[in-house]
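Trainee: So the chains spell out like this:
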Amino acid sequence: MRDKVRLTREQIAKRAALELPDGAYVNLGWGIPNLIADHLPPGITAYFHSENGILGMGRRAKAGEEDYDLVDAMKVPVTVVPGASFFHQADAHLMTRGGHLDVAVLGGFQVSEKGDLANWKIPGAKGSGGIGGAMDIAAGAKTLIVCMEHTTKEGAPKIVRECTYPLTALSCVDSIVTDLAVIDVHDAGLALREVAPGWTATEIQELTGARFEIPTRLLEMRLS
Amino acid sequence: MRDKVRLTREQIAKRAALELPDGAYVNLGWGIPNLIADHLPPGITAYFHSENGILGMGRRAKAGEEDYDLVDAMKVPVTVVPGASFFHQADAHLMTRGGHLDVAVLGGFQVSEKGDLANWKIPGAKGSGGIGGAMDIAAGAKTLIVCMEHTTKEGAPKIVRECTYPLTALSCVDSIVTDLAVIDVHDAGLALREVAPGWTATEIQELTGARFEIPTRLLEMRLS
Amino acid sequence: MNVNIRRLNRGQLFERRMKHKIYRDVDAIVADVPDGARIMFGGFGGAGFPNNLIQALARRGTKGIVAISNNCGTHDGELGLLFKLDRIRHVIASFPGPHATHFQERFAAGSVTLELVPQGILCERMRAAAAGLLGFYSPVGVGTEVAAGKEERLIDGRRGILEMPIHADFAFIKAQKADELGNLTYRLAAQNFNPIMATAAKTTIVEVEEIVPVGSIDPQSVMTPAIFVHRIVQAKGVRYAG
Amino acid sequence: MNVNIRRLNRGQLFERRMKHKIYRDVDAIVADVPDGARIMFGGFGGAGFPNNLIQALARRGTKGIVAISNNCGTHDGELGLLFKLDRIRHVIASFPGPHATHFQERFAAGSVTLELVPQGILCERMRAAAAGLLGFYSPVGVGTEVAAGKEERLIDGRRGILEMPIHADFAFIKAQKADELGNLTYRLAAQNFNPIMATAAKTTIVEVEEIVPVGSIDPQSVMTPAIFVHRIVQAKGVRYAG
Chain A
2 MRDKVRLTRE QIAKRAALEL PDGAYVNLGW GIPNLIADHL PPGITAYFHS ENGILGMGRR
62 AKAGEEDYDL VDAMKVPVTV VPGASFFHQA DAHLMTRGGH LDVAVLGGFQ VSEKGDLANW
122 KIPGAKGSGG IGGAMDIAAG AKTLIVCMEH TTKEGAPKIV RECTYPLTAL SCVDSIVTDL
182 AVIDVHDAGL ALREVAPGWT ATEIQELTGA RFEIPTRLLE MRLS
Chain B
2 MRDKVRLTRE QIAKRAALEL PDGAYVNLGW GIPNLIADHL PPGITAYFHS ENGILGMGRR
62 AKAGEEDYDL VDAMKVPVTV VPGASFFHQA DAHLMTRGGH LDVAVLGGFQ VSEKGDLANW
122 KIPGAKGSGG IGGAMDIAAG AKTLIVCMEH TTKEGAPKIV RECTYPLTAL SCVDSIVTDL
182 AVIDVHDAGL ALREVAPGWT ATEIQELTGA RFEIPTRLLE MRLS
Chain C
1137 MNVNIRRLNR GQLFERRMKH KIYRDVDAIV ADVPDGARIM FGGFGGAGFP NNLIQALARR
1197 GTKGIVAISN NCGTHDGELG LLFKLDRIRH VIASFPGPHA THFQERFAAG SVTLELVPQG
1257 ILCERMRAAA AGLLGFYSPV GVGTEVAAGK EERLIDGRRG ILEMPIHADF AFIKAQKADE
1317 LGNLTYRLAA QNFNPIMATA AKTTIVEVEE IVPVGSIDPQ SVMTPAIFVH RIVQAKGVRY
1377 AG
Chain D
1137 MNVNIRRLNR GQLFERRMKH KIYRDVDAIV ADVPDGARIM FGGFGGAGFP NNLIQALARR
1197 GTKGIVAISN NCGTHDGELG LLFKLDRIRH VIASFPGPHA THFQERFAAG SVTLELVPQG
1257 ILCERMRAAA AGLLGFYSPV GVGTEVAAGK EERLIDGRRG ILEMPIHADF AFIKAQKADE
1317 LGNLTYRLAA QNFNPIMATA AKTTIVEVEE IVPVGSIDPQ SVMTPAIFVH RIVQAKGVRY
1377 AG
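Chains as they are written, first to last, in my numbering: chain A, 2 to 225; chain B, 2 to 225; chain C, 1137 to 1378; chain D, 1137 to 1378.
These are computed hints drawn from the structure, not numbers from a lab.
From the three backbone atoms N, C-alpha and C, an ideal C-beta is built for every residue, glycine too.
Some hints here could point you the wrong way.
[As the list claims (entries may be wrong)] Derived Cβ-Cβ restraints for the label pairs, each shown as a range:
no., chain 1, residue 1, chain 2, residue 2, range
1, C, 1285, A, 216, 49 to 59 Å
2, C, 1290, B, 165, 21 to 31 Å
3, D, 1156, C, 1160, 53 to 63 Å
4, B, 22, D, 1357, 20 to 30 Å
[Said to hold, decoys possible] No more than 25 Å apart at the CA atoms, straight line, and that leaves these computed lysine-lysine pairs for DSS-like:
no., chain 1, residue 1, chain 2, residue 2
5, D, 1338, B, 143
6, B, 76, C, 1313
7, B, 122, C, 1286
8, C, 1157, A, 143
9, C, 1286, B, 115
10, D, 1199, D, 1220
11, D, 1157, B, 143
12, C, 1220, B, 127
13, A, 76, D, 1199
14, C, 1313, C, 1286
15, D, 1286, A, 122
16, D, 1372, A, 76
17, A, 76, A, 122
18, B, 143, B, 115
19, C, 1286, D, 1286
20, C, 1220, B, 76
21, D, 1338, D, 1199
22, D, 1372, D, 1157
23, C, 1372, B, 76
24, D, 1313, A, 76
25, D, 1286, A, 115
26, B, 154, B, 127
27, A, 143, C, 1338
28, A, 63, A, 76
29, C, 1220, C, 1372
30, D, 1220, A, 127
One chain only, chain A, in its complex shape:
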């Protein structure tokens, strides 16, 4: 029996990056998705959107290169690529809500079998919580990919029949990339597409809170 591999956060990001079509306009959320920009496969160009008014965001600024008027949605000083543009936050969200982004990749606490997403608030957590741009992005992106660990630290499934966490948007998720699998959300329900090296579909199903369809030909997750 082969060793069971769980993907690292970087590997999840790398796998998700393979989902981006060349030339796509893309918004990356907090957490794992934010790592994707550094893991684009060779030959693929993506134009990154930031909800504070940047299209064509580049890599993080190096030490000494920081300009604090040029930050991403996480306050990190960044750069822009040639052909970038700046605009105000209402126009930035005209882009998110209006279906102009080809792909958005968000983190998730839970995804339901109908593609509902919960990613902004943990029940019982301290503090006010905060929505930020997640609800606009989830409501409007042409394609929404969620990157997250397959289970919580306690081992509970994060892919569930019904979300119990506060929702971000209904029926919005197209695909889920985790440390164990790639799962698509279809109208008929979930469909397993790939598993991490060493895992069987049955083993993944046991760690998943909702049934998924298993394809005739199950692929192994590509890690590069």
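Chain A is already provided as a structure; the job is to place chains B, C and D on it using the hints.
Mentor: Same frame as chain A, but now just chains B, C and D:
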């Protein structure tokens, strides 16, 4: 008895120009209002707005100076003053509808005693008619002045109890400047403020389709 | 510009993407516009009209068009050509215009129908489509012909009518410059409806006076970001002087 | 610029008008902001915060403020100062933030209330106020906590909730440059909420890095036209580095 004077279109424009506060942002409609820009009293600056995306519109372009990317809402090549700005038509109407213009001056077919305005379509006239920016402007300007002849060519009053022409907006007019009088629209109804040289309030009332209040001290219209 | 520009070593890929947007001629760029298409046309007061695209569409022969435009052309010029050739069946406009003779004849004869919309509301309904909104309440036109058939509602003591988004299959627009990715600039008052329409249609087709290399438009001067632009063609300016 | 510029011989008058907008110091510019005022505060991610105005408002002592802001400050920085001094009673925000310690303490204690709004909807509700709209239907937040208490409606097969305009008495914003009439430019991603808030409040107060003569900003580069700007003060940049 003094000669009864009817103001010319230029004189109506001149009189209306006296209503503009210094530094006002102003939109001028078709017809008589459009003459106002050339008749500002000395010492008064106004910043003219054009609904095709200009703030700080200046005089008409002279021969040889025309730039057909710089036209007013009537397709006339114009100029801009220092401190002007350009923007798109949605932002131009954010200004009109959102209460940002200090004064708008429009032409009128009829004004009712409640301040309703009809200025876009003559019943029975040939063709489709056209609204343009009039409804947005009438709905949103902080102060709306109507410039028009006091009566139709046939002598029928244009200030009426109820408009019979298709409406532009309800309860929007603040003041009416005609060739015979200046009349204010108050919540309680119309109030005569000034009459053209040689006219009595009673004579103006006869040519007006709605009752107006007559002030204790009736002024004569200043023509310059 | 004190902006850090990332050096891309993906010249070829950029170019491949660019090639998807840039077309060699105006006929090719409208070749797939089908009969019955809903099309937004930019331009106002003679400025910013996509006259080359309109003429190419006339040559293509697309008919049954639903046009969204501030006006309905000037004699044979601007949209006038498409009315003259009976290619437009319905138009959503704010000011068809007394010189829109071909439209006016057909409107009088009943062969073209018209939805007349206040100019700012025309902008706002397109913007609602662009921004993913489903409708809005506006005080404009309350109590007028424009309110006919629309839901009215009292909100915070003000009367408002429900206005719906205007979507389109295509936007035909005119800009001054495009870079090879599709970032656009406009000149002076030639912006007018163009930047709004660019955001509101499924496919935005732009004719420009000049195509410039990526990176040559200051990111702070971009008026329409490339995300909204799908097809670009450089075309010699044609202005209808009627 | 191939723009015809009208030569004005009214220098004095221009100056009088300017003097109405330009203030000598940040304390004078906020001197009349009353208790209970509704105030929009620009800024996002450390960029574009009107920190000088915020500090002047703290010195003035205005209390009972209803704040509209994307976040709720960073420790003592940005809006943090006003929470620390208990000057804000209610806030409409999209992402208060884990480092908004003064807000979080008061929110937990119940001395500050919060309306949490999706970020794009926050922008859009302010824009609705600016544009004279009375409300709009949006799909954002349907089926979530955000929809609680809001009217829901099915429009063209999509679920939407009714969102109302957000008005304010004042907008406190930060720009890069103002000309003496109030035309503004912003730098890079420091625009964020500032241009929207500038249009949405009754009185817009702006702190700028530089005041330049009228005519020195290209009319095509103006980001906020002067019509939206009521008071201007030049203030040395203060950035909270927390």
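Trainee: Decide, hint by hint, whether the structure agrees.
Mentor: Results for each hint:
1. Evaluation of the 49 to 59 Å hint for residue 1285 of chain C and residue 216 of chain A yields a pass: the beta carbon distance comes to about 51 Å.
2. Against the hinted window of 21 to 31 Å, the Cβ-Cβ separation of residue 1290 of chain C and residue 165 of chain B comes to about 26 Å, which satisfies the hint.
3. Checked against the hint of 53 to 63 Å, the pair residue 1156 of chain D and residue 1160 of chain C passes, with Cβ atoms roughly 55 Å apart.
4. Checked against the hint of 20 to 30 Å, the C-beta distance between residue 22 of chain B and residue 1357 of chain D comes to roughly 28 Å, which is consistent with it.
5. Restraint check for residue 1338 of chain D and residue 143 of chain B: the C-alpha separation of about 12 Å stays at or below 25 Å, so the hint holds.
6. For the hint linking residue 76 of chain B to residue 1313 of chain C, the alpha-carbon distance of about 23 Å falls within 25 Å, and the restraint holds.
7. Under the criterion of a C-alpha separation no larger than 25 Å, the hint pairing residue 122 of chain B with residue 1286 of chain C is consistent with the structure, at around 20 Å.
8. Of the pairs offered as hints, the one joining residue 1157 of chain C and residue 143 of chain A holds, with about 19 Å between alpha carbons and a cut-off of 25 Å not exceeded.
9. Between residue 1286 of chain C and residue 115 of chain B the alpha-carbon distance is near 24 Å, which keeps this suggested pair within the 25 Å criterion.
10. Restraint check for residue 1199 of chain D and residue 1220 of chain D: satisfied, since their Cα atoms lie roughly 12 Å apart, inside the 25 Å limit.
11. Proximity of residue 1157 of chain D to residue 143 of chain B is assessed by CA-CA distance (about 19 Å); at most 25 Å being required, the pair is judged to hold.
12. Only pairs whose Cα atoms come within 25 Å are accepted, and residue 1220 of chain C paired with residue 127 of chain B is accepted, the gap being roughly 19 Å.
13. The hinted pair formed by residue 76 of chain A and residue 1199 of chain D fails the criterion: a straight-line CA distance of about 29 Å is larger than 25 Å.
14. As the CA atoms of residue 1313 of chain C and residue 1286 of chain C are separated by approximately 40 Å, the hinted pair breaks the 25 Å bound.
15. At roughly 20 Å between alpha-carbon atoms, residue 1286 of chain D and residue 122 of chain A fall within 25 Å of each other, so this suggested pair holds.
16. For a cut-off of 25 Å, the pair hint linking residue 1372 of chain D to residue 76 of chain A stands: about 22 Å separates their Cα positions.
17. With a CA separation close to 20 Å, the supplied pair residue 76 of chain A and residue 122 of chain A stays within the 25 Å bound.
18. Simply put, residue 143 of chain B and residue 115 of chain B have alpha-carbon atoms about 17 Å apart, close enough for the 25 Å limit, and the pair holds.
19. At roughly 22 Å between alpha-carbon atoms, residue 1286 of chain C and residue 1286 of chain D fall within 25 Å of each other, so this suggested pair holds.
20. As the CA atoms of residue 1220 of chain C and residue 76 of chain B are separated by approximately 22 Å, the hinted pair is consistent with the 25 Å bound.
21. A hinted pair counts as satisfied when its Cα atoms are at most 25 Å apart, and residue 1338 of chain D with residue 1199 of chain D qualifies at roughly 19 Å.
22. A threshold of 25 Å between alpha carbons decides the hint, and for residue 1372 of chain D with residue 1157 of chain D the separation of about 18 Å falls inside it, so the pair holds.
23. As the CA atoms of residue 1372 of chain C and residue 76 of chain B are separated by approximately 22 Å, the hinted pair is consistent with the 25 Å bound.
24. For the hint pairing residue 1313 of chain D with residue 76 of chain A, the CA-to-CA distance comes to about 23 Å; that is within 25 Å, so the pair holds.
25. This hinted pair checks out: residue 1286 of chain D and residue 115 of chain A have alpha carbons roughly 24 Å apart, not beyond 25 Å.
26. Under the criterion of a C-alpha separation no larger than 25 Å, the hint pairing residue 154 of chain B with residue 127 of chain B is consistent with the structure, at around 18 Å.
27. For the given pair, residue 143 of chain A sits about 12 Å from residue 1338 of chain C by alpha-carbon distance, which is consistent with the 25 Å threshold.
28. Only pairs whose Cα atoms come within 25 Å are accepted, and residue 63 of chain A paired with residue 76 of chain A is accepted, the gap being roughly 14 Å.
29. Distance check on the hinted pair: residue 1220 of chain C and residue 1372 of chain C sit about 23 Å apart at the alpha-carbon level, within 25 Å; holds.
30. Under the criterion of a C-alpha separation no larger than 25 Å, the hint pairing residue 1220 of chain D with residue 127 of chain A is consistent with the structure, at around 19 Å.
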